[in-house]
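Novice: The lines below spell out each chain.
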Amino acid sequence: MQVLTKEQLEEKIFEIIGRTLPKDVDPFWMQLFEGSLPLDGVRHWAKQMYFITQEFGRYTSAIHANCDVFEVRHVLAETLWEEHGRMVEKKDHPELFRKFTRAIGIADEELALARPLPETEALLDGLLDLCLHRHFVESLAGFGIAVEGQATKGIPIFIHVFRHKYGLDDEAIEFWTTHAEDDEVHGRRSLEIVLEHATTPTLQQGVLDCVRKSMERLMLFHHGIGRGWAPREAERLSA
Amino acid sequence: MTSENQQFGDELWGIIGEELAHLQERNRFMRGLFMGELERDRMKLWAKQLFLLTRTGPRFLSAIHSNCEDFEVASWLVQNLYEEYGELAEGRDHPSLCRNFGRALGMSVEELEAGPILKPTRRFVDFCFDVTRNRHYVESLAGIGVALEGVSARGAPMVGAALKQHYGFGDRDVEFFTAHCELDIEHSEKTLSFVVRHASTPELRERVKQTVREMTEQTIEWSVAVGELCLADRGEPARSVA
Chain H
1 MQVLTKEQLE EKIFEIIGRT LPKDVDPFWM QLFEGSLPLD GVRHWAKQMY
51 FITQEFGRYT SAIHANCDVF EVRHVLAETL WEEHGRMVEK KDHPELFRKF
101 TRAIGIADEE LALARPLPET EALLDGLLDL CLHRHFVESL AGFGIAVEGQ
151 ATKGIPIFIH VFRHKYGLDD EAIEFWTTHA EDDEVHGRRS LEIVLEHATT
201 PTLQQGVLDC VRKSMERLML FHHGIGRGWA PREAERLSA
Chain Y
1 MTSENQQFGD ELWGIIGEEL AHLQERNRFM RGLFMGELER DRMKLWAKQL
51 FLLTRTGPRF LSAIHSNCED FEVASWLVQN LYEEYGELAE GRDHPSLCRN
101 FGRALGMSVE ELEAGPILKP TRRFVDFCFD VTRNRHYVES LAGIGVALEG
151 VSARGAPMVG AALKQHYGFG DRDVEFFTAH CELDIEHSEK TLSFVVRHAS
201 TPELRERVKQ TVREMTEQTI EWSVAVGELC LADRGEPARS VA
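Taken in order, these protein sequences are the chains called H and Y.
Residue 177 in the working numbering sits at position 177 of the first sequence, with consecutive numbering throughout.
Residue 131 in the working numbering sits at position 131 of the second sequence, with consecutive numbering throughout.
Because the hints were derived from the structure by calculation, they are not lab data.
All clues given are correct.
List time: in silico SDA-like cross-link candidates among lysine to any residue, alpha-carbon distance up to 20 Å:
#1 H:K90 x Y:E72
#2 H:K91 x Y:E69
#3 H:K99 x Y:S75
#4 H:K99 x Y:E72
#5 Y:K190 x H:M87
Since we're looking at a predicted model, the values are computed, not measured.
Excised from the complex, chain H in its bound form (with noise of 0.2 Å):
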């Protein structure tokens, strides 16, 4: 097997990313994107969002202790500080996705009792396995470059919906504005150090292998959320 050079790669990363994506939007994400879902239904969606944000930092402190490049674990480190809101008090993120969640009628209480769906679980028990057991270099592209760089994609209409269909405040949709901007920085830092590390044959396909199994479980999660509201969104028609 050859060596690919970092275009090459990349281009085959975003090769993998492209071809997973579906073809045409899921019901439920539709309805999301246009603020047409009901209250209940986006309260359905951020309670599963939740379980995926809470779990940011862990994730990423798993691939900093595998991982044996210095400048490498000093860029986590930064990626760190920041999911932890810089150590200002109420800034990190699942803290911010908390004041979205109370902003849209969840108590926190409700929130901790929330349970994650099959698929929800399936993303998160994939995402903990690859971080803490693969490479550095294959977790980063599973986790930064196909989950968190994914993740961030939707969040400019998320930000538009949510100020303009269902009137949340600034101060509401925190978490939306600055995970626009550190996960964005995220996601460049990531692709940067796995096209940088990934030198050879073998790094390099698990690199793709881990990009097509994390875009895949993560589409699975997003179909389960439309899934799990589906029965509920019938009885509300029915009703």
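Let chain H serve as the given structure and place chain Y on it in line with the hints.
Specialist: Below, chain Y alone, put in the same frame as chain H:
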């Protein structure tokens, strides 16, 4: 702190104190250093081991973080990690401070970083990874944050003072040993308060005590074994240092 928690905290310090009681008589290298009898060149191999441990240390913290389900403790670990990296200011991270010591010993950065990693250092690093990756986060926190960090925070300033007094090192040369020592002592006390609060069952408390005992023993074993190798000047072939 409740009296029960206070008692548990005292028990942990007691375990460390008991293990440390015989350190000076066993550790010929450190005894020589404190008496001003060590040749400077003997310190080179020792500095290389310190560099490796310092460079690897933040990975132990992040390994604990990756197993930690309590957000307040996780934030505390990130705060510690941030400080290990010199609050992300260039040249202020702990490995950079260790490089200053290496330079003062007459080593280039390349020489310091080239190792060799001695077997006791490799064993100790493996042990710390085993603890932080595989044990409950409260046990790991006690092992790294109370035993390892608490002991080194108290010992390092004494080493710094001896290096200045007997060997003519300047403030900047020994900053690695003297910087943050007061802060580090505060840190280990705060870490201890987390440990006693989160070790909420008798069974977990027993495991915490066991980890503190093992970590202190391993730290001493490492220090004594490396000291002997430095005195005998028996390095191993150079390996890359992570």
